[in-house]
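Please take these sequences and the hints and turn them into a complete structure.
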Amino acid sequence: MAFLPVQWQTVIERARVVRGSLSTAQMFSLGGVFVAVVGLLIGSTWYVNRTEYRVLFTEMNADEASKVVDRLKADDVQYQLADGGRSVLVPEAAIDSLRLTFAGEGLPTSGRIGFEIFDKVAFGQTEFLEHVNYRRALEGELARTISTLSEVQSARVHIAMAKESLFGAREQPAKASVVLTLKGSRPLPNASAHAVTSLVAAAVEGLGAEQVVIVDSFGRALARGATGADDGPLGGAELDRQARYERDIGTRVVALLEPVVGVDRVRVNVTARLHAASEEQTKEEYDPTTVLRSRQLVIDGGSGSTAQGIAGARANLPPAVQPDGTPAPPVVPPATVTPGTILTKSSDLSNYEVSKTVTHTIRPRGELSRLSVAVIVDDMRQTLTAQDGTVSTTHKPREPAEMQKLQ
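Residue numbers for the sequence shown follow my numbering, so the first one is 1 and each next one is one higher.
Honestly, the hints are just simulated from the structure, not real lab data. Check each hint, because a few of them may be wrong.
[As the list claims (entries may be wrong)] Derived lysine-lysine pairs resembling BS3-like cross-links, with alpha carbons at most 30 Å apart: (1) 356 with 283; (2) 356 with 345; (3) 67 with 183.
Written out as structure tokens, the structure is:
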């Protein structure tokens, strides 16, 4: 150790002396303490200089996550993936600038921020900003939960929190609107729409199910809330019933034709039209053929004499005056008496039976009004074997008579 300085040589010599004076157990203990101190120093250095990662976007689909990652690679920004590639984490120092950059480019459209927004709260944050962040976090968490449904591809939730007031007339209840992007063109089943309504209503304080409005990306109202009308277009229940009816008819037609034309050689398209409004009708009918129910005939008769003379007021007038002023003698016509006169009075009352039929019909909306069924069957296939053993298949159109039988 001649190449070492004198000071280091002195330290090494003293270490050898100390080592010689220690037992084996003491040596192991001293070595453990040394290793622990070195490890603590290394860990502290790493902890102080480590890069803190925060969630940039989450709940993204694969396409948009790929675009975000490509953009980060182009800018040489370190990132981490989580949740199976649906969440992207970046260094905390760059998260604000990156969000502004991606917002200007319109990316992503499916990512939502949840309660991780409260992972780090800035000092001196106002109560209003906390309220806004809580609403944003609640909307994001609800959108994530709704997106887990098998029928839903993505969801967007908007919440208007309740406003309390000392005056009851000025209080405003909480309201929520949900926009769903469904998988395919089929409407959301009525049961799932009710489930989403109950989920949102239960997650927001003071929100009733009647204040939740749900629409899909096609503009169809799945839950109308308190302003919904029952006499509008078909609702979720009727549309679900229509879809089930069409599927049932199509399955039956396929089951009838496949034994004849072959398996997987028939295609059926069923379109059912349901009444969009309820109908109420009252009808009264009278029977034109009447039946005599009862008849009452009353006849009164008798015999006697009747006096005849001047009838009316003339018989009661005073006698006329002659020209000389003397009264003229009264004119007394001869009275005639008709003996043996018969007096008769009759009354005839007939009652006829008149029948009336009153029909009151109520047709609920959703009743089948039209059904169209289109069926396509494959041509007949013939398998031909050539002399060299080659097998070929030819198609032959079906005869009109056979098509008529299938119809």
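Taking the hints in turn, this is what the structure says about them:
Under the criterion of a C-alpha separation no larger than 30 Å, the hint pairing residue 356 with residue 283 is consistent with the structure, at around 10 Å. Simply put, residue 356 and residue 345 have alpha-carbon atoms about 36 Å apart, too far for the 30 Å limit, and the pair is violated. Straight-line distance between C-alpha atoms of residue 67 and residue 183 comes to about 22 Å, which keeps the hinted pair within the 30 Å bound.
Of the numbered hints listed earlier, the single one contradicted by the structure is hint 2.
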